[in-house]
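Residue numbers (the numbering used here), protein chains in the order written: chain A, 1 to 244; chain B, 1001 to 1400.
Note that these hints are calculated values from the structure, not bench results.
Errors might be hidden in some of the hints.
To be verified - Label pairs and their computed distance ranges (CB to CB):
| id | chain 1 | residue 1 | chain 2 | residue 2 | range |
| --- | --- | --- | --- | --- | --- |
| 1 | A | G79 | B | W1349 | 50 to 60 Å |
| 2 | B | K1051 | A | R121 | 39 to 49 Å |
| 3 | B | A1269 | A | G120 | 52 to 62 Å |
| 4 | B | L1024 | A | L86 | 15 to 25 Å |
| 5 | A | L86 | B | A1012 | 53 to 63 Å |
Claimed, not checked - A partial selection of chain A residues facing chain B, derived with a Cβ cut-off under 8 Å:
| id | residue |
| --- | --- |
| 6 | Y17 |
| 7 | D61 |
| 8 | T65 |
| 9 | D80 |
| 10 | D81 |
| 11 | S84 |
| 12 | R85 |
| 13 | T105 |
| 14 | P113 |
| 15 | R117 |
| 16 | T119 |
| 17 | G120 |
| 18 | L125 |
| 19 | R129 |
| 20 | H143 |
| 21 | P145 |
Even for Gly, the Cβ is constructed at its ideal location relative to N, Cα and C.
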Amino acid sequence: MTAPRGALRLIDVRKSYRVGPVTTEVLRGVDLEIGAGDLVSIMGPSGSGKTTLMNIVGLLDRPSTGRHVLDGRDVSGLGDDALSRLRNAHVGFVFQAFHLLPRLTAAENVCVPLVYRGTGRRKALGRARAILERVGMGDRLEHRPDQLSGGQKQRVAIARALVGLPALLLADEPTGALDADTADETMGLLLELNAEQGVTVLIITHDPAVARCCTRRMRIDGGQLHEEDSRPPGSAGSTAPRRA
Amino acid sequence: MPGILPILGANARQAVDSLARARLRTALGLVGIMIGISSVIAMVSLGEIAKEQARRQFEALGTDVLLVRTLTTMAGSQAISLADAIGLAEAVPAVAEAAPRILGHGEFRHAGRKVGQGRVQGVTAAFASINRMSLQAGRFVSLLDADRHFCVVGAAVADAMRQGGARRIVGETLEVGDILFTVVGVLDPRPENYALPVQVEADQSVFVPIGAAGRVADNPAIELAVARSSAGVDYRAAVADIRSWFRGRSPDLQLDIITAKELIAQMEAQMQTFALLLGSVGSISLVVGGIGIMNIMLVSVAERRREIAIRRALGARRRDIQSQFLIESVILTLAGGLLGILLGLAATWAICRFTGWEFLISGMSVASGLGTAAAAGLFFGFQPARQAARLDPIAGLQAE
C-alpha cells in the first residue's frame, strides 16, 4: 500500500447522464485535492451534484471524463471487480439512512466488509466486537437493527465503515436522520475517530453546524466545487457541533 | 486473492436465513421441485429394482432356456418328429439338452375322487432338468419308461391326493382321463415364471412318459421341444445351429425359436419405455418447479435491491452477489430434492408392495436425485443471480 493513505485528487472530473435524447451534466469540471487525515465537509443544495460526487469519490461510480487519483494511483479506468476490491479496502461508507442489513446482528453487520475480503468468520467477529466496543456499542453486539435507536444504528454503521481500516471515510448526511443531541454525539464520534485513527473523513451535508466541525469546508453548486475557508487541523476535534 | 470460503460460508448462512423468512414462497417452490425429483427417484429406482428382479428370476430359472416349435399359423405345417427332438442335443453342440413335449389336458381322480384338473404332459427326463424342476419324492419319468403308465404329479395335485387320504403318494394309482397311471414321483412346488418362453404350470400338471402320452392327449403330435444351450454359447449362435440342423433333416419345417435372452431384451425394452414415461413426467414437473424457483428468486432479488446495493458498496464484487443468489437457489432446490427423494422412495415402496417386487434403495437413484436438484438450482437460479449481480448499486442505495 502506498503511503500516505487517504490522499485523493479529482482532476477536472465531469459526469453526465443521458436520459433518452437529453444529456444532463451533473458534475462540470470538479477539482478536488484532499490530503491524508483531512476532515472535509461538502455542502450543497439538493440537485447540486453532491451525491454524484460522493459516488465517484466512493468508487461506486466512474467519472465521464477527468481523472480520479487515489494515493497516487489513477483509478478512473478500473473495471468493476477492481473498483469493488478497492472500495472494500479503501473506503468506508456512512449513510444518512444507516443502511444496515436488517437480518444481521450488529456484529454481523460490521463483519460484512471483512467477509468480502475473505476474513474468516471467527476472526471477523473478533474485530467487529473490538470496533463496536470502541464506538460504545459493546453491549449491543447481538442486537438486530430494529432493536436499536437511530443513534445506535449510526454507531454500528460507523463501526462497519471503519472495521476494514479504510483510508477514507465517506459520510453522506450522517446526522440527517438523527435528533439534535444524537447528531452531536455522532459527529463527536466521527471527529474523534478522525483525530485518533488518522482516517480521512469526507462529510456531505446540508447542515452548517456539521460543516463547521470540519477543518476544510467546501460548497458544491451547479456541478462545481469551491473551497470556502479552512481552519488549521487540530482545532476541530474538541469543538462540539451546535445546530442552528 | 481473498479466501473464497468465508464468502461462500457467509452466503450460505444468508441464503438459509432468507429462505426461512419467506416461508410460504419457499414452500411453494419446494413442491414443484419435490414432485420433479420424486419422479426422477421413482424412475431410477423402479428401473433398477425391476432389472434386479428380472435378473434374479432368470438366474433362478434359467436364461439359457429356448423353445423350438413349429409355426402353427402355417396351414398344413408339419410337427417336429420325436427322433429329431430327442436327437437335437446330441447332434448340435450348441445345445446341451433337449426335450420334446406332447400336451394334453384332463381331469385327475384318485380313489374315485377328483384331485385336480390340468395339463397332462408327455415328456422325457431332460424336460425336468431344463425347466429346473425338482422332486420331493420318487423319480421323474424317462424314455426308459417307454409307454408304461407311470406318472409324476405336481405339488398341487399331490396335496389334493393327501387331503383325500393318500399317505404315500408314490405308488398310488391315479386316474388320468379314464386311464390308470401309477405315481412314481412327486414334484416340489415350482413358481411359474411367465417371463420364460415355456409355460410349465408344473404344480397343477401330471407328467407321463412321452411314449404313453398318445393315450391321453387329443393331439399326439409333438407340441414343442425345450432345450438348454451349452454353457458359453451365444443364444443367437445356438438358434442358428438349430435352424440349420432342422433344415438338413426336414426342409419344409417352419420353425419358431424363442429364447429367454430375447424375452429379457423385450422386457428391458418395456422397462425402458416405462422409465421414459416416468422420466418425462419428472422432467415436466422439474421444469414447472424450476420456473417456480426462478420466479421466487426474481422476486427475492427485486425485494433485496437495497441489500444488494449495500453489499456492493461494502466491497462485494458482482460474482460475490451472484454466488449468494445461486447458493440460495441451490439450497432451495436441494431442500426440495431431499423431500422429493423421500417422496420418490415412498412411491417406489408403494409400487413394490403392489407388484410384489423387492424394495431396495439404490444409491444411484439418490445420487441422481440430488444431482438433478442441484443442477436445477444452478440452471434456474442463474438468470436471477445474474440479474442481482448486475443491479446498479447507486440506484439501489437511493431506493426507499
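Each hint tested on the structure:
For G79 (chain A) and W1349 (chain B), the Cβ-Cβ distance of about 55 Å falls inside the hinted range of 50 to 60 Å, so the restraint holds. For the pair K1051 (chain B) and R121 (chain A), the supplied restraint of 39 to 49 Å holds, since their beta-carbon distance comes to about 47 Å. Checked against the hint of 52 to 62 Å, the C-beta distance between A1269 (chain B) and G120 (chain A) comes to roughly 56 Å, which is consistent with it. As the Cβ distance of L1024 (chain B) to L86 (chain A) is approximately 41 Å, the hint placing it in 15 to 25 Å is violated.
A beta carbon spacing of about 26 Å between L86 (chain A) and A1012 (chain B) contradicts the range 53 to 63 Å that was offered as a hint. Of the supplied interface hints, the one on Y17 (chain A) is violated, with its beta-carbon coming no nearer than about 11 Å to a beta-carbon of chain B, more than 8 Å. A distance limit of 8 Å between C-beta atoms decides the matter here; for D61 (chain A) the minimum to chain B is near 6 Å, and the interface restraint holds. This hint is violated: T65 (chain A) has a C-beta 18 Å from the nearest C-beta of chain B, more than the 8 Å allowed.
Checking D80 (chain A) against chain B: minimum C-beta separation of about 6 Å stays under 8 Å; hint holds. Taken as an interface hint, D81 (chain A) checks out: its beta carbon lies about 5 Å from the nearest beta carbon of chain B, inside 8 Å. Taking 8 Å as the C-beta contact cut-off toward chain B, the hint placing S84 (chain A) at the interface holds, the least distance being around 4 Å. Interface restraint check for R85 (chain A): the shortest CB-CB distance to chain B comes to about 7 Å, inside 8 Å, so the restraint holds.
With a least beta-carbon distance of about 11 Å to chain B, the hint placing T105 (chain A) at the interface is violated under the 8 Å criterion. For P113 (chain A), the interface hint holds, the least distance from its beta-carbon to any beta-carbon of chain B being 5 Å, beneath 8 Å. A least Cβ separation of about 5 Å between R117 (chain A) and chain B falls short of the 8 Å threshold, and the interface hint therefore holds. A least Cβ separation of about 6 Å between T119 (chain A) and chain B falls short of the 8 Å threshold, and the interface hint therefore holds.
Because the closest C-beta pair between G120 (chain A) and chain B is about 5 Å apart, less than 8 Å, the hint holds. Restraint check, L125 (chain A) versus chain B: the minimum CB separation of about 11 Å is more than 8 Å; hint violated. At a threshold of 8 Å, the smallest CB-CB gap from R129 (chain A) to chain B is about 17 Å, leaving the interface hint violated. For the restraint placing H143 (chain A) at the interface with chain B, the shortest Cβ-Cβ distance is roughly 16 Å, beyond the 8 Å limit, so the hint is violated.
For P145 (chain A), the interface hint is violated, the least distance from its beta-carbon to any beta-carbon of chain B being 12 Å, above 8 Å.
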